[in-house]
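K.L.:
Here are the chains, one letter per residue:
There are 2 protein chains.
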Amino acid sequence: MNELQCGTSPIVGFRFSLHPMTDRFVEVIKGAMKETDTSAVWMHTDDVSTVIRGKQAHVFNVAKAITLHAAKTGVHVALNGTFSVGCPGDSAGDVYLDMPDELLNQDETKQYVSSQFALYPMNNPDYMSVIYREVDRAKERGVFNESMHYASGIHGDIHDVFDFYEEAFENARSDAHRHLVMTVSMSINSPSHEGSVKR
Amino acid sequence: MNELQCGTSPIVGFRFSLHPMTDRFVEVIKGAMKETDTSAVWMHTDDVSTVIRGKQAHVFNVAKAITLHAAKTGVHVALNGTFSVGCPGDSAGDVYLDMPDELLNQDETKQYVSSQFALYPMNNPDYMSVIYREVDRAKERGVFNESMHYASGIHGDIHDVFDFYEEAFENARSDAHRHLVMTVSMSINSPSHEGSVKR
Ligand SMILES: [Ca+2]
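Taken in sequence, the protein lines are chains L and A. For the first sequence, the numbering used here begins at 180 and goes up steadily by one. For the second sequence, the numbering used here begins at 180 and goes up steadily by one.
Because the hints were derived from the structure by calculation, they are not lab data. One or more hints might be untrue.
Claimed, not checked - Below 27 Å or equal to it, Euclidean Cα-Cα: the simulated BS3-like pairs (lysine-lysine) are: (1) L/K234 with L/K289; (2) A/K318 with A/K289; (3) A/K318 with L/K209; (4) A/K209 with L/K251; (5) L/K289 with L/K318; (6) A/K251 with A/K234.
Said to hold, decoys possible - Computed from the model, here is a short list of chain A residues facing chain L with C-beta under 8 Å: (7) G253; (8) S263; (9) Y291; (10) S294; (11) S369.
Ideal Cβ placement from N, Cα and C applies to all residues, glycine included.
Let the hints inform the model, and build the full structure from the sequences given.
P.N.:
Quick look at the structure:
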């Protein structure tokens with residue numbers, strides 16, 4: 180029951196699924212995984228999702244690179260996932276905390292993405308103010324889209340959006356409250372975005 | 180900032196996206212929505228996701244019906260979503276709490292689904308024991324698949340799986356700890372399931 184033991188490891192995890200809305204979905208997913216350098220993270224794929232674990236910077240770098248590679252096919256793709264820290268489970272991936280800091284994926288191609296996120300700071304009586312603060316940060320960063328039930332809309336260029344997500348995730352946890360969860364849903368190349376000024 | 184005010188309304192919400200991995204994704208999504216009776220829930224769709232809100236039983240009934248209708252096309256579909264209660268935001272949907280209890284979608288077609296879920300009982304110092312208990316419940320109900328980082332695997336017939344999710348969601352909250360979040364990722368008609376004994 181490794182998922183039920185919370186610890187103090189700084190290892191960050193992202194359990195996600197990438198959904199290309201095309202008959203060629205296998206090809207798009209495999210291509211995106213192949214074009215991404217995932218050597219800095221521990222990775223495991225099952226029949227529902229993929230999990231990557233390692234240093235925060237590498238986890239966000241790999242998550243963005245896989246998404247961007249899939250996006251560049253032009254296909255409508257969705258990314259759904261949960262970032263977690265402070266509940267490391269077993270220590271199988273802890274060796275990845277010794278990886279060098281240099282980011283291995285550097286593609287700067289611009290890509291509009293529309294997304295939604297929610298922060299869940301666990302066992303923190305003051306969690307609502309943490310959420311307020313990070314939503315305010317999105318507004319300051321120029322990536323806030325709209326308020327909505329149970330989430331906040333975040334959009335813009337994929338690099339700005341992932342930068343915000345990493346910054347929010349970094350800031351929403353503390354030594355006193357280590358267990359943090361952040362869900363992200365992202366839509367790219369959607370027919371709903373055609374002709375949108377948001378592009 | 181309606182998402183930032185937690186309250187005591189019993190209204191349940193489910194923010195989700197349905198991803199048919201086919202070029203005909205628009206047709207599959209629209210078909211599933213059209214064939215489902217959604218009159219017992221408040222519903223809003225944006226460019227990333229759809230949110231339904233109402234009585235717990237109706238929210239789970241509608242979520243399952245939309246998923247089952249999409250699954251019956253035979254296409255590989257994924258469902259990703261977050262159930263929430265105790266953080267109702269504005270009261271726009273509260274009128275739906277007056278709906279009759281009778282469930283409006285009754286399709287009993289069997290369908291194998293593989294899924295993963297995570298429970299996030301907010302501001303509850305004892306949250307890990309809540310999670311333990313509900314994972315044990317999955318084992319008792321015969322829908323537990325496997326342990327994994329950050330989630331638990333749940334599979335079986337769609338009706339048994341949704342019954343478990345509703346039961347877990349009902350039991351993981353209390354009057355003392357009203358704000359509960361549950362994420363669910365589901366994969367249906369996946370090529371990964373072909374020939375699997377799990378079917
Ligand atoms: Ca607490």
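K.L.:
Please flag the earlier hints that this structure goes against, numbers listed from lowest up.
P.N.:
3, 7 and 9
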